[in-house]
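A.B. asks: Okay, here's what each chain looks like letter by letter:
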Amino acid sequence: MRTFNAVLISKPQYARRGKGSLDSNQDDQDARIKFAEQQAKEFEIRDAFFEVKQTYTSNWVDRWVMPNPFVAPLSRELAQYGVTLADFSFSPEAKNLSETSLTISIPSISSAVVLGLHQVLYLAKEPTWQMAPNLVEIFQLISNAVVRVAGCVPASQSSSLAFHLLSGELDLGAATQQWVHPDRIGQWDFCGLSLHRQDTSLILDQSSRHPAAAFFKLQRTFAGEVGFADIALNIMKDELAALNLLGISEVP
Amino acid sequence: MVIGNSALDLYLAVGQSFPHADDRVRNQQPKFSPAVDWDSLKESLLEQNPPKFPPASSLYSGFAVAQMRREKTISILEQMSSQFWERTRQQKQAKWLRDNRARYAGLWIAIEGDELLAAGPLAKDVFTQVAHRADPPLVMQIESATSPFAGW
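So the protein lines, in turn, are chains A and B.
Be aware that the first sequence starts at 1, since it is given in my numbering, and climbs by one per residue.
Be aware that the second sequence starts at 1001, since it is given in my numbering, and climbs by one per residue.
Hints are not guaranteed to be accurate.
Claimed, not checked - Which residues of chain B face chain A? A few of them, derived with a C-beta cut under 8 Å, are: (1) Gln1067; (2) Arg1070; (3) Ile1074; (4) Met1080; (5) Gln1090; (6) Gln1093.
Claimed, not checked - Pulled a few chain B residues facing chain A out of the computed Cβ check, cut under 7 Å: (7) Thr1073; (8) Ile1076; (9) Phe1084; (10) Gly1113; (11) Leu1122.
Hint data in this document are derived by calculation from the structure and do not stem from the laboratory.
This structure is a prediction, so every number in the text was calculated from the model and none was measured.
Every residue gets a Cβ at the ideal spot worked out from N, C-alpha and C, and that includes glycine.
Chain A extracted, bound-state conformation (with noise of 0.2 Å):
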């Protein structure tokens, strides 16, 4: 959970109630004063999910033997971020071949590692800002390892965040009206959002698992070569520019 204070830069309500306050009598500093308070709200980022999933140019089955080829140098690289071999496992549930997977978990990071035969996926839950830098950097060694084993490089990576923002006493449905014309699709407590481009693509729904919240959805692909660092770099900008949307000028 992650919990912060934005400034609103947008907020209907403001309008609305501005109207009645900002009479002419009202000292200018005194009115700005209570517009800022009005809008330094408190939101809240519930069941952030983080995940980037790289496809690699080639499978390694014929590594895929026992001992597992993986272990032995992730485990020792790992050491240093008090993984054990403890929290290395082999997915007990594979029906057949093509689903079997070696899971790292990561518990000081709140992540895990899931290798497939020809896919790695990076999961993380609950990330914030914070903690990219060793997200970051803990994914890349990792990645930079399999690349090593694998004999092969990612042919391409997409990431995933998903979050849900709570915001308190702001109305984000009649923040999400802005976007429509309700002469045309009449009026709605909250209006979604689903954008597209080639690599990008933003969807922003009305919460079902929290009231009165929004759930978000940002998902990006990068080319084989990109780093951890540079596709961290990329969903923040799209986090800050989709909070943006409702009028939330800052990220936790």
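On the provided structure of chain A, position chain B as indicated by the hints.
C.D. replies: Frame of chain A, contents of chain B only:
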């Protein structure tokens, strides 16, 4: 657009940014640019009212901290990105040299990552060909495959 000092200016600036703003108010300011300068707006909110917002308890300090934290994270990530690309460049150069050493033995070469920029028997010619580049590439002479005879 520069946001004025008056509360009315601020109100108009924000009101202009969404369709539910009061038309009557908007009509008073027909020359307003439709886009709001958010940096100026934040500046006017954050910097012009410091006495009324104690840093320790204010919601605005929370906003400022979040902003500083984000900038710090970006700075660290940008450094990590530069290091990553530099390491990648060096690895590509090392691989190129391993793969092509025999082919260019005895010659001067200029490479950037795994891209050959120039090659020739004279260092001067190779340096001249890459002199215009902003980032200097790796220029070196590849040793001959066979060692010269040094006599008995």
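A.B. asks: Confirm or reject each hint.
C.D. replies: Hint-by-hint comparison with the structure:
The closest approach between the C-beta of Gln1067 of chain B and any C-beta of chain A is roughly 6 Å, which is under the 8 Å cut-off, so the hint is satisfied. The restraint placing Arg1070 of chain B at the interface with chain A holds, with a minimum CB-CB distance near 6 Å, inside the 8 Å limit. About 7 Å separates the beta-carbon of Ile1074 of chain B from the nearest beta-carbon of chain A, less than 8 Å, and the hint is met. With 8 Å as the threshold, the beta carbon of Met1080 of chain B comes within range of chain A, its nearest partner Cβ sitting at about 4 Å, so the hint holds.
Because the closest C-beta pair between Gln1090 of chain B and chain A is about 13 Å apart, greater than 8 Å, the hint is violated. Restraint check, Gln1093 of chain B versus chain A: the minimum CB separation of about 15 Å is more than 8 Å; hint violated. The restraint placing Thr1073 of chain B at the interface with chain A holds, with a minimum CB-CB distance near 5 Å, inside the 7 Å limit. Taken as an interface hint, Ile1076 of chain B checks out: its beta carbon lies about 5 Å from the nearest beta carbon of chain A, inside 7 Å.
The restraint placing Phe1084 of chain B at the interface with chain A holds, with a minimum CB-CB distance near 4 Å, inside the 7 Å limit. For the restraint placing Gly1113 of chain B at the interface with chain A, the shortest Cβ-Cβ distance is roughly 10 Å, beyond the 7 Å limit, so the hint is violated. Nearest Cβ of chain A to the Cβ of Leu1122 of chain B: about 34 Å, over the 7 Å cut. The hint is violated.
Checked against the numbered hints above, the structure violates hints 5, 6, 10 and 11; every other hint is satisfied.
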